[in-house]
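Trainee: In case you want the letters, here they are:
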Amino acid sequence: DAKTTQPNSMESNEEEPVHLPCNHSTISGTDYIHWYRQLPSQGPEYVIHGLTSNVNNRMASLAIAEDRKSSTLILHRATLRDAAVYYCIKGSGGSNYKLTFGKGTLLTVNP
Amino acid sequence: NAGVTQTPKFQVLKTGQSMTLQCAQDMNHEYMSWYRQDPGMGLRLIHYSVGAGITDQGEVPNGYNVSRSTTEDFPLRLLSAAPSQTSVYFCASSYSIIGTASKPLHFGNGTRLTVT
Chain A
1 DAKTTQPNSM ESNEEEPVHL PCNHSTISGT DYIHWYRQLP SQGPEYVIHG
51 LTSNVNNRMA SLAIAEDRKS STLILHRATL RDAAVYYCIK GSGGSNYKLT
101 FGKGTLLTVN P
Chain B
1 NAGVTQTPKF QVLKTGQSMT LQCAQDMNHE YMSWYRQDPG MGLRLIHYSV
51 GAGITDQGEV PNGYNVSRST TEDFPLRLLS AAPSQTSVYF CASSYSIIGT
101 ASKPLHFGNG TRLTVT
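As they're listed, the protein sequences go chains A and B. Each residue of the first sequence is one higher than the last, beginning at 1 in the working numbering. Each residue of the second sequence is one higher than the last, beginning at 1 in the working numbering.
In short, the hints are calculated from the structure, not lab data. Mixed in with the good hints there might be a few duds.
Label pairs and their computed distance ranges (CB to CB) [to be verified]:
| hint | chain 1 | residue 1 | chain 2 | residue 2 | range |
| --- | --- | --- | --- | --- | --- |
| 1 | B | 18 | A | 57 | 38 to 44 Å |
| 2 | B | 16 | A | 53 | 31 to 37 Å |
| 3 | A | 7 | B | 63 | 50 to 56 Å |
| 4 | A | 11 | B | 63 | 37 to 43 Å |
| 5 | A | 63 | B | 44 | 37 to 43 Å |
| 6 | A | 29 | B | 73 | 35 to 41 Å |
| 7 | A | 21 | B | 54 | 21 to 27 Å |
Covered stretches of chain B, as calculated for chain A (at least 3 residues, CB under 8 Å) [claimed, not checked]:
| hint | region |
| --- | --- |
| 8 | 12 to 24 |
| 9 | 44 to 55 |
Beta carbons: idealized from backbone N, C-alpha and C, even for Gly.
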């Protein structure tokens, strides 16, 4: 089962937008794309998820490519509190309950 | 609303000892799961449960047992601890993670286990 691919690390400046990419080339038509983040010494925290359309919530936006082989998590104005490891996860639309986390992207936010 | 509660926060065991990591949720979630996280790694699924009385294996189930006698609780048992089980353990729960009913996973704050 192919997992998702993310850059190991990214850097941003405070109050600038951040675009975190994710490739999921073997995604099926019913697999959801989930994003979680993990702050230091804490459990992961849900950020956003979607299937086909772009999604927005109070934390972030999720842009999904038309072929669904990639997605981008957008933080519109990064703050120091957004510094975390961000995980892109391919969820299952079928009966597979094994939600797999990769190594994620470590986001550093500079003041 | 406490969410997902894990106890203890820290634990040191000697090789061969047994212990149970506790996980409780008060959100009436059907789905519960256990992950382990090693330094520099992502989270790896150990076991999961889709409801009381139902459990199944994840990616790395060896050395761990689980049971789900109630909706609220999902304990993880180490029968004979080994140094390779030194890790941070996270419990998570959700109403559902499947298809159109997919809902977010809620994680506890973890149990840091050291086996010497």
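Trainee: Now, for every hint given, state plainly whether the structure supports it.
Mentor: Comparing the hints with the structure gives:
1. For residue 18 of chain B paired with residue 57 of chain A, a C-beta distance near 43 Å keeps the hint of 38 to 44 Å intact.
2. Our hint of 31 to 37 Å for residue 16 of chain B and residue 53 of chain A is violated, since their Cβ atoms are close to 53 Å apart.
3. Roughly 33 Å separates the CB atoms of residue 7 of chain A and residue 63 of chain B, a value that falls outside the hinted 50 to 56 Å.
4. Against the hinted window of 37 to 43 Å, the Cβ-Cβ separation of residue 11 of chain A and residue 63 of chain B comes to about 38 Å, which satisfies the hint.
5. Look at residue 63 of chain A against residue 44 of chain B: about 28 Å separates their beta carbons, and that is not inside 37 to 43 Å.
6. Taking 35 to 41 Å as the suggested C-beta distance range, the pair residue 29 of chain A and residue 73 of chain B conforms, at roughly 36 Å.
7. As the Cβ distance of residue 21 of chain A to residue 54 of chain B is approximately 37 Å, the hint placing it in 21 to 27 Å is violated.
8. Taking a C-beta to C-beta cut-off of 8 Å, the region 12 to 24 of chain B contributes 0 residues in contact with chain A, too few for the three needed, and the coverage statement is violated.
9. Closer than 8 Å: that is the beta-carbon criterion, and the region 44 to 55 of chain B has 4 residues meeting it against chain A, so the requirement of 3 holds.
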